[in-house]
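Visitor: Sequences are here, hints too, so could you generate the full structure?
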Amino acid sequence: MSRWTPGIQAAAGDSPDNVISILDVIGEDWWTGEGVTANRIAGALRAIGDRDVVVNVNSPGGDMFDGVAIYNQLRMHPGRVTVNILGMAASAASVIAMAGDEIRIGRPSFLMIHNCWCLAAGNRHDFAALSEQMAPFDAAMADVYQERTGVDLKRITSLMDKESWIGGSVAVADGWADALLEDSAIKQGSDTQASAVRRIEAALRASGMPRSEAQRVLSEFKSGLSDSAGNGGLSDSAAKPVAAASLQNLLNAMKG
Numbered sequence: 006m007s008r009w010t011p012g013i014q015a016a017a018g019d020s021p022d023n024v025i026s027i028l029d030v031i032g033e034d035w036w037t038g039e040g041v042t043a044n045r046i047a048g049a050l051r052a053i054g055d056r057d058v059v060v061n062v063n064s065p066g067g068d069m070f071d072g073v074a075i076y077n078q079l080r081m082h083p084g085r086v087t088v089n090i091l092g093m094a095a096s097a098a099s100v101i102a103m104a105g106d107e108i109r110i111g112r113p114s115f116l117m118i119h120n121c122w123c124l125a126a127g128n129r130h131d132f133a134a135l136s137e138q139m140a141p142f143d144a145a146m147a148d149v150y151q152e153r154t155g156v157d158l159k160r161i162t163s164l165m166d167k168e169s170w171i172g173g174s175v176a177v178a179d180g181w182a183d184a185l186l187e188d189s190a191i192k193q194g195s196d197t198q199a200s201a202v203r204r205i206e207a208a209l210r211a212s213g214m215p216r217s218e219a220q221r222v223l224s225e226f227k228s229g230l231s232d233s234a235g236n237g238g239l240s241d242s243a244a245k246p247v248a249a250a251s252l253q254n255l256l257n258a259m260k261g
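Here our numbering is used: position 121 in the sequence shown is 126, and no number is missing along the way.
Keep in mind that the hints were calculated from the coordinates and are not lab data. Certain hints may be false.
Restraint-style ranges between C-beta atoms, simulated for each label pair [as the list claims (entries may be wrong)]:
hint, residue 1, residue 2, range
1, Glu218, Ala47, 43 to 51 angstroms
2, Leu185, Trp36, 29 to 37 angstroms
3, Glu218, Asp183, 45 to 53 angstroms
4, Pro83, Pro21, 15 to 23 angstroms
5, Gly180, Met81, 21 to 29 angstroms
6, Ala47, Glu107, 19 to 27 angstroms
7, Asp148, Pro215, 24 to 32 angstroms
8, Thr37, Phe132, 27 to 35 angstroms
9, Gly180, Pro21, 22 to 30 angstroms
10, Phe132, Asp57, 40 to 48 angstroms
11, Ser169, Pro215, 34 to 42 angstroms
12, Leu135, Arg112, 37 to 45 angstroms
13, Asp57, Ala144, 30 to 38 angstroms
14, Pro141, Arg221, 46 to 54 angstroms
Positions of the beta carbon are idealized from the N, C-alpha and C atoms, including for glycine.
Guide: Written out as structure tokens, the structure reads:
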């Protein structure tokens with residue numbers, strides 16, 4: 006999902022041992038083997054015990070059943086559950102967010118809700134049957150949203166049909182979240198630059214450029230950025246966001 010920015014994290018001071026970070030796809034990623042699984046969350050909750058827990062979320066969603074399992078694990082947790090939506094809580098991640106006794110969202114952050122997706126093959130009869138088979142999954146998600154938010158069920162299903170992005174202020178006003186996060190609670194992670202590099206490389210390769218050539222172009226760009234300006238009088242920590250911004254500008258220019 007192109008809108009997902011994995012570099013958005015909780016500020017370093019907000020990472021005690023009762024914090025769970027969901028900063029990846031939900032379920033195991035088929036391509037990388039990474040992702041946030043129900044098994045991993047179960048282990049984290051066992052380590053936390055009966056204490057209150059903070060769940061920091063920045064996820065594009067993923068596997069619905071892993072998402073539902075994580076939601077139920079958090080709902081059954083004996084301590085208070087606070088969910089912080091740092092970047093996005095999309096699709097299955099939005100279901101997880103509903104497990105919070107308190108849901109806090111960044112002002113520029115988003116919830117995204119939509120109907121269930123799947124990959125399928127078959128003839129027209131298979132697809133007609135599949136449409137009916139998917140309806141209970143949409144109804145289950147809508148039920149979770151309605152129970153937590155109090156929003157009218159017809160309104161929720163309408164929002165899901167359209168695939169809706171609900172920004173921070175609107176989320177609080179409409180009952181999807183309880184409060185806005187303080188700006189100091191969110192920072193850009195140290196991997197922001199690396200994320201921009203990976204996305205630019207992917208765009209170059211999608212245009213037909215061989216991987217080795219794409220990596221050479223990126224290396225020359227980063228070298229030129231460093232040689233032409235140095236750190237511009239900035240410390241290393243201050244220079245990194247500048248470099249990341251330059252890479253992001255390049256990516257935006259490539260997109261047109």
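Visitor: All the hints need checking, so say for each whether the structure fits it.
Guide: Okay, the hints, checked on the actual structure:
1. Between Glu218 and Ala47 the C-beta distance comes to about 44 angstroms, which sits within the given range of 43 to 51 angstroms.
2. Judged by the Cβ atoms, the range 29 to 37 angstroms given for Leu185 and Trp36 holds: they are separated by roughly 35 angstroms.
3. In this structure the hint that Glu218 and Asp183 lie 45 to 53 angstroms apart at CB holds, the actual value being about 50 angstroms.
4. One distance hint, 15 to 23 angstroms for the beta-carbon pair Pro83 and Pro21, holds here, with the actual separation near 18 angstroms.
5. Range check, Gly180 to Met81: Cβ separation about 23 angstroms, and the 21 to 29 angstroms hint holds.
6. The hinted window of 19 to 27 angstroms between Ala47 and Glu107 holds, with their beta carbons roughly 22 angstroms apart.
7. About 49 angstroms separates the C-beta atoms of Asp148 and Pro215, a value inconsistent with the hinted range of 24 to 32 angstroms.
8. Checked against the hint of 27 to 35 angstroms, the C-beta distance between Thr37 and Phe132 comes to roughly 30 angstroms, which is consistent with it.
9. Our hint of 22 to 30 angstroms for Gly180 and Pro21 holds, since their Cβ atoms are close to 29 angstroms apart.
10. Checked against the hint of 40 to 48 angstroms, the pair Phe132 and Asp57 passes, with Cβ atoms roughly 46 angstroms apart.
11. A hinted range of 34 to 42 angstroms for the beta carbons of Ser169 and Pro215 is consistent with their spacing of about 40 angstroms.
12. Checked against the given bound of 37 to 45 angstroms, the beta carbons of Leu135 and Arg112, roughly 39 angstroms apart, stay inside it.
13. Checked against the hint of 30 to 38 angstroms, the C-beta distance between Asp57 and Ala144 comes to roughly 32 angstroms, which is consistent with it.
14. Checking the proposed 46 to 54 angstroms range against Pro141 and Arg221 shows it holds: the Cβ atoms sit about 51 angstroms from each other.
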